[in-house]
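There are 2 protein chains.
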Amino acid sequence: MKRIDVMECVSLLKEFDNYLILTHRNPDGDTLGSAYALKRALDLLGKKSMVRCNDDIHPKFSYLWENVDNSEITFDKIIAVDVADKKLLGEEFEAKYGDNVFLCIDHHTSNREYAQNLLLEDRAAAAVVIYEVIRQLGVEITPEIASCVYTGLATDTGCFMYSNTTPTVHRIAAEVMAKGADYTLINRLMFETKTLQYLRLEQMAVSSIESHFDGKCAIMTVTRKMFEESGASSSECDGIAAIPRKIEGVKIAVTIRERHNGSFKVSMRTIEPYDAAKICANFGGGGHNAAAGCEFDCSLNETKEKLLEVIKEEF
Amino acid sequence: MKRIDVMECVSLLKEFDNYLILTHRNPDGDTLGSAYALKRALDLLGKKSMVRCNDDIHPKFSYLWENVDNSEITFDKIIAVDVADKKLLGEEFEAKYGDNVFLCIDHHTSNREYAQNLLLEDRAAAAVVIYEVIRQLGVEITPEIASCVYTGLATDTGCFMYSNTTPTVHRIAAEVMAKGADYTLINRLMFETKTLQYLRLEQMAVSSIESHFDGKCAIMTVTRKMFEESGASSSECDGIAAIPRKIEGVKIAVTIRERHNGSFKVSMRTIEPYDAAKICANFGGGGHNAAAGCEFDCSLNETKEKLLEVIKEEF
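From first to last, the protein sequence lines are chains A and B. The first sequence begins at 244 in the working numbering and counts up one residue at a time. The second sequence begins at 244 in the working numbering and counts up one residue at a time.
Just so you know, not all the hints are guaranteed correct.
The list treats identical chains as one, so a pair stands whether inside a single copy or across any two.
To be verified - In the EDC-like style, the derived pairs of lysine to aspartate or glutamate whose C-alpha atoms are separated by at most 20 Å in a straight line are:
{"no.": "1", "residue 1": "K468", "residue 2": "D260"}
{"no.": "2", "residue 1": "K459", "residue 2": "E515"}
{"no.": "3", "residue 1": "K459", "residue 2": "E556"}
{"no.": "4", "residue 1": "K494", "residue 2": "E435"}
{"no.": "5", "residue 1": "K330", "residue 2": "E557"}
{"no.": "6", "residue 1": "K459", "residue 2": "E557"}
{"no.": "7", "residue 1": "K459", "residue 2": "D319"}
{"no.": "8", "residue 1": "K508", "residue 2": "E538"}
{"no.": "9", "residue 1": "K489", "residue 2": "E435"}
{"no.": "10", "residue 1": "K339", "residue 2": "E309"}
{"no.": "11", "residue 1": "K489", "residue 2": "E479"}
{"no.": "12", "residue 1": "K521", "residue 2": "E548"}
Simulated from the structure, these hints should not be mistaken for lab results.
From just these sequences and the hints, can you work out the full model?
Set out below in structure tokens:
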């Protein structure tokens with residue numbers, strides 16, 4: 244499908260009046276922040292739009308749509324933001340909308356080009372792309388739009404900590420903060436709030452950490468029993484796999500999470516030159532160099548043994 | 244003592260040739276990053292200087308002085324950076340240098356004006372002040388100076404997460420990143436690396452958390468026994484007081500840390516409108532609205548009782 248630039252995207256957006264804006268499934272701060280920033284900008288242009296997502300949205304994001312009319316409309320065109328593949332719309336939405344997306348605004352190198360595509364792969368967040376579009380649309384960056392953009396920037400860069408953070412990200416952060424982004428609230432909601440139950444789960448998980456190969460490999464286990472005893476909800480636990488990677492000296496960090504059906508999901512994080520995707524490929528898994536995953540249907544002990552056997556070869 | 248502005252500071256720095264640069268005790272990324280940024284800038288001007296600290300410096304900071312000649316020199320004048328009070332030089336250094344500081348470059352509202360003072364209280368980090376000075380000194384911002392400045396910015400703002408982060412902080416972060424600051428390395432060293440011993444200490448500390456007043460107050464205790472059992476070093480534990488504040492619903496977060504002499508140091512973090520400085524003032528302590536501290540010479544139980552009695556009045 245056709246690749247377009249920011250100005251062509253702006254022309255397309257001006258052409259129609261009623262838009263359905265779609266986010267990806269398991270919605271995060273970048274897809275939601277981008278979607279609501281765009282919707283708020285279209286509102287200022289007098290156009291009608293609605294943001295929809297295949298999956299439930301965590302209530303912590305509710306400030307994004309404060310005072311927004313997101314009610315049902317009849318739409319002319321569909322826009323997908325931060326959605327690299329129509330599959331990522333989610334099962335129901337893919338079936339319903341997947342072949343009719345008019346415009347995709349994204350930053351993923353893995354983008355499958357399923358629609359007219361404003362794809363800027365060197366941007367750290369879709370919110371950066373959206374910000375550039377909104378600037379060219381000529382609407383005011385209101386405090387609410389600023390907060391939406393800031394949300395995308397901050398969440399996709401781990402609050403400016405990950406290596407994808409660029410000078411441009413910081414420059415836009417400065418601009419949207421100056422325009423009134425409520426960064427204190429957003430940082431607190433996105434990065435600083437944990438339930439006591441989740442802290443207790445972390446505590447149990449840390450106590451499970453095993454160190455192998457002179458501390459170069461750490462294996463942490465999160466069992467269903469830990470969830471039960473801590474009372475933590477699984478929706479809150481996406482970040483838990485980051486823990487063993489933080490340990491000084493660890494090059495290959497493994498988190499084994501017990502599934503409801505008793506199988507085990509492995510998340511692996513590695514530091515160069517160790518290649519998580521390569522290691523996980525041994526078990527039919529995949530991912531990126533620094534972060535990958537795979538699954539096991541055997542017991543916990545067997546899972547560990549199989550992993551250690553392959554990891555041993557790396558050192 | 245006399246307050247001076249950035250240009251006056253620049254004139255003073257140009258006037259002499261040999262400087263002793265002092266950091267505060269328990270040195271952190273801001274005092275060290277600021278000191279070495281200044282030293283590197285003075286090096287580029289052909290001046291001689293040495294950075295000294297009363298206390299040991301954690302080896303994770305060693306990139307700050309890479310390829311720097313920090314050997315003993317005979318100095319004309321003493322500069323203190325990020326040191327709000329001559330007491331904060333540390334016992335030995337206060338006795339030795341406290342009354343002879345020529346120039347203080349700082350950002351703390353609590354600054355005691357013990358020397359000629361370039362004090363910019365609205366800056367989030369001393370590194371912001373130092374960056375403004377270096378810009379006016381007219382030297383090149385080398386990648387090494389950029390890394391020193393970035394270290395101060397990032398550590399004093401919790402990687403741009405704390406509410407003291409300003410648009411200016413992000414703007415300077417963008418500038419020093421563009422000048423070659425090695426932010427990926429710095430972020431990993433400062434924010435992502437923990438020893439297994441420290442993780443174990445966190446785990447014990449989390450298990451001590453008590454919840455009071457319907458979860459609005461959390462009290463966490465860190466005892467000497469926990470240090471002994473975990474093997475963690477106290478130099479690594481500055482961030483531990485952030486844990487109870489992260490708990491959902493907590494407005495007043497208290498961390499009680501047992502000292503070597505058996506007394507207890509209390510760190511309090513509050514969310515508006517609760518005022519940590521006001522609460523701690525009841526016990527002879529002080530600090531900021533959102534973060535303050537005080538000390539107790541009684542038992543742990545008495546410490547908690549006294550704190551809860553005063554905190555109760557807040558709700």
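Hint-by-hint comparison with the structure:
1. K468 / D260: Neither way: K468 and D260 sit 49 Å apart in one copy and 66 Å across, limit 20 Å.
2. K459 / E515: within (12 Å within a copy, 43 Å between copies)
3. K459 / E556: within (13 Å within a copy, 50 Å between copies)
4. K494 / E435: Answer is between; shortest inter-copy Cα gap is 13 Å, intra-copy 26 Å.
5. K330 / E557: neither (33 Å within a copy, 51 Å between copies)
6. K459 / E557: So K459 and E557 pass the 20 Å test inside one copy only (10 Å; across, 48 Å).
7. K459 / D319: So K459 and D319 fail the 20 Å test inside a copy (54 Å) and across (48 Å) alike.
8. K508 / E538: within (5 Å within a copy, 46 Å between copies)
9. K489 / E435: Both. Shortest intra-copy (17 Å) and inter-copy (5 Å) distances satisfy the 20 Å Cα cut-off.
10. K339 / E309: neither (27 Å within a copy, 58 Å between copies)
11. K489 / E479: Both: 19 Å inside a copy, 13 Å across copies.
12. K521 / E548: within (18 Å within a copy, 55 Å between copies)
When each numbered hint is compared with the structure, violations occur for hints 1, 5, 7 and 10.
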